[in-house]
Amino acid sequence: MARDRSPAELVGAAPDAAFEITFDGRPITALPGQSLAAALWAAGILAWRTTRVGGRPRGAFCGIGHCFDCLATVNGEPNRRACLVPARPGDAVTTQEGHGHDDLAVR
Amino acid sequence: MTISPSDDPEYDLAVIGAGAAGLAGAVTAAELGLSVALLDTSSQLGGQFYRHPAPALGATRPEALHHDWSTFTDLRRRLTDSGVTHLAGHHVWTVVRAEPKDLWDVHAVTGADGNGERPARVRARAVLLATGAYERQLPFPGWTLPGVVGAGGAQAMLKSGLVVPGIGVSSVRAQPRAGIGVSSVRAQPRAGIGVSPARAQPRAGGRVVVAGSGPLLLAVAASLVTAGARVPAVVEAAGYLGYARHLRVLAANPHKMAEAAVHGTALLRHGVRLRTRSAVTQVHGADRVEAVTVSRLDRDWRPVRGSGRRIACDALAVGFGLVPQLELATGLGCATRRTRDGSHALDLDAQQQTSVPGIWAAGETGGIGGVQLACVEGELAGLAIAARLGGRPALTESGRARALGRRRDRMRAFASVMAAAHAPGAGWTRWLDDTTDVCRCEEVSAGHIREAVADYGARDARTVKLLTRAGMGWCQGRMCGTAVACLAAEGPGAEPSPSPERRPLAVPVRLEVLGALAEVTASGAGDPEESADPEKGAGR
Ligand SMILES: Cc1cc2nc3c(=O)[nH]c(=O)nc-3n(C[C@H](O)[C@H](O)[C@H](O)COP(=O)(O)OP(=O)(O)OC[C@H]3O[C@@H](n4cnc5c(N)ncnc54)[C@H](O)[C@@H]3O)c2cc1C
Ligand code: FES
Chain A
1 MARDRSPAEL VGAAPDAAFE ITFDGRPITA LPGQSLAAAL WAAGILAWRT
51 TRVGGRPRGA FCGIGHCFDC LATVNGEPNR RACLVPARPG DAVTTQEGHG
101 HDDLAVR
Chain B
1 MTISPSDDPE YDLAVIGAGA AGLAGAVTAA ELGLSVALLD TSSQLGGQFY
51 RHPAPALGAT RPEALHHDWS TFTDLRRRLT DSGVTHLAGH HVWTVVRAEP
101 KDLWDVHAVT GADGNGERPA RVRARAVLLA TGAYERQLPF PGWTLPGVVG
151 AGGAQAMLKS GLVVPGIGVS SVRAQPRAGI GVSSVRAQPR AGIGVSPARA
201 QPRAGGRVVV AGSGPLLLAV AASLVTAGAR VPAVVEAAGY LGYARHLRVL
251 AANPHKMAEA AVHGTALLRH GVRLRTRSAV TQVHGADRVE AVTVSRLDRD
301 WRPVRGSGRR IACDALAVGF GLVPQLELAT GLGCATRRTR DGSHALDLDA
351 QQQTSVPGIW AAGETGGIGG VQLACVEGEL AGLAIAARLG GRPALTESGR
401 ARALGRRRDR MRAFASVMAA AHAPGAGWTR WLDDTTDVCR CEEVSAGHIR
451 EAVADYGARD ARTVKLLTRA GMGWCQGRMC GTAVACLAAE GPGAEPSPSP
501 ERRPLAVPVR LEVLGALAEV TASGAGDPEE SADPEKGAGR
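Those protein sequence lines, which keep their order, are chains A and B. Using full-length UniProt numbering, read the first sequence as starting at 1 and increasing by one per residue. Using full-length UniProt numbering, read the second sequence as starting at 1 and increasing by one per residue.
Any given hint might turn out to be false.
To be verified - If you want the footprint, here are the derived chain B segments under chain A, 3+ residues with CB under 8 Å:
1) 31-41
2) 50-60
3) 226-236
Unchecked claim - Chain B residues, not near chain A, derived (Cβ > 10 Å throughout):
4) Ala413
5) Asp434
6) Glu451
7) Gly491
As the list claims (entries may be wrong) - Here are some, though not all, of the chain B residues that point toward chain A, as calculated from beta-carbon distances under 7 Å:
8) Ile311
9) Leu395
10) Glu397
None of these hints come from the bench; they were simulated from the model. Virtual Cβ for every residue (Gly too), placed ideally from N, Cα, C.
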């Protein structure tokens, strides 16, 4: 099997028209049906959050909604799991610094 | 028994999880006449194994990333034909006994990430827990760097989003490092002009090292190379001798051997090296993965000094097997058993029922065993539930039920061999240094946890958590739980915990949803159909 095959070619994808979203103000291309995390990965972006204590960069880790490392601020709303939220035309994703806000009960 | 009132919010059976197990259970029960609601967090059917691109991605060959795809399409067709109500975008956070007592209330938040406005409640006479598993992670220096991703996570992102980690250029807004100034590598928007979207992906994928332990690594590496990524190495901490001691069990499960052979062939064809008894003991890079150090391990998974070799790569996909997802079950008080890899799984009877009458389980919740086992157990559970609710005990004595039971037992035996072969060796903690963050959410280091164990006498994960906050963050200890338990067990007189920790909420829930619970409960079922639409439920 050819090594230079992309995932999209592998599954014979013929997606609907691509659209633009922004990451920290810069435009990136997303495909309909991709999560925000997938669109960011496709643009070579691996980090879109900094941690509360160490200010370290983080992005998607578990890929399935369990780890909460992929939290991003989406259209002004913090703490959205980018691996779960589908990309929509015009979405503005911004790097989430630290907390966002704290209104979730987790235990 | 109600026949098919799919518009009635009270169902005979609520199935939680639309993976292989949940689908098989829902279909079987519905075909036997039960009214069934099938709830899943995802907008799509299929669970982890049959994860596939959303319709808008227009995949004409979704089967290219799966073996066994027709099993799924068959289940999906039967699901529609049998009138099962699929409630997509439903994140179940608790299941409680209703009034009257022979009913259960299943509470969910809705939307793509549970942020939707409208919570939902589904009432049912029986519940099938088919919530699957999540990946076991063990920390190592550098594992929090962007570009280190779960192996199953990489697989999931590939199967659903058609992406591979670590391609293109990165943009990381890290804190300025002393003396260096802000790193300002900026992502270039992909040149999309004149390029069809399907071809907009770079022709060559990133270099992804696949590491950890367990058969999933081979599947992930095979998918990655087939999808155009380069895999410089697959690094497996265990040896494969653990299997060789159980030839009878292997011979009884030829499908497992065939599966391994398919992955092995793909890896050979792409020249991917499998290094056994080895682990990634360090990730290098300032703001993202640039290389990893792979070290050999002794029998107890202790890194062999001086054996480290550096491998350049753009991403690392890592996972140490899977752990059953049990929050809803333990919240209900269902009994668990310890598996041979030290985790906890539900203790089930021959009919797939938990220790709580009326609550059944199938698939990974009863122990990690793979997709075929999940299908068989789902079908068995569906039969048993229809037998119980419909007053037809003969269903569980049928030839079909007995054949399924025998297949299940054969596959469970294999699962047990597999769990033992990949059980983390106690020596893995030697690859941690004191500054390695063990808890990713709360940023609690190994040194801090060791201090709690050595100096403050913590003997179990619960005490460590109280002293250090490890495991108290967003993920509720899913990522660091195994590691914290292992570190606590290194203290004198420590004992492995007899039961999994109970987390009252299976998924995060907004405080106002908790507050509204009393109201929801008082005002009747609401209309689950209305919030079934993931578009509407997404609340964005
Ligand atoms: C990330 C990941 C990737 C995997 N990739 C592969 C692979 O490539 N190849 C392979 O052979 N095996 C893979 N596996 C193993 C695979 O999970 C099993 O073989 C198989 O899918 C088990 O089926 P199941 O029905 O028991 O669970 P799953 O398929 O995991 O299905 C469980 C379902 O329950 C849902 N769920 C869980 N909790 C809730 C809740 N609280 N509310 C609502 N819904 C909920 C989940 O969204 C999921 O759809 C993977 C596992 C994981 C965790
Ligand atoms: S990557 Fe783990 S929650 Fe999104």
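Beyond 10 Å from each Cβ of chain A, as asserted for aspartate 434 of chain B:
holds (15 Å)
Just want to verify: alanine 413 of chain B was marked as not at the interface with chain A; is every Cβ pair farther apart than 10 Å?
Non-interface label stands for alanine 413 of chain B: nearest chain A Cβ at 28 Å, farther than 10 Å.
Was glutamate 451 of chain B rightly flagged as not at the interface, with every chain A Cβ beyond 10 Å?
Nearest chain A Cβ is 17 Å from glutamate 451 of chain B, so the label holds.
Close enough to count: is the Cβ of glutamate 397 of chain B nearer than 7 Å to one in chain A?
violated (39 Å)
Three-residue Cβ test at 8 Å for the coverage of the stretch 226-236 of chain B by chain A
Since 4 is at least three, the answer is holds.
Holds or violated: is there a CB of chain A closer than 7 Å to the CB of leucine 395 of chain B?
violated (34 Å)
Answer holds if the nearest beta-carbon of chain A is closer than 7 Å to that of isoleucine 311 of chain B; otherwise answer violated.
Cβ of isoleucine 311 of chain B sits 18 Å from chain A, so the hint is violated.
Does glycine 491 of chain B clear chain A by more than 10 Å, comparing its Cβ with all Cβ atoms of that chain?
Fine: 24 Å to the nearest Cβ keeps glycine 491 of chain B off the interface.
Verdict on chain A covering the stretch 50-60 of chain B, where coverage means 3 or more residues with a C-beta closer than 8 Å
holds (count 8)
Verify the coverage statement for the stretch 31-41 of chain B against chain A, using a C-beta to C-beta distance below 8 Å and requiring 3 or more qualifying residues.
violated (count 1)
Going down the numbered hints, you'll see the structure goes against 1, 8, 9 and 10, while the others check out.
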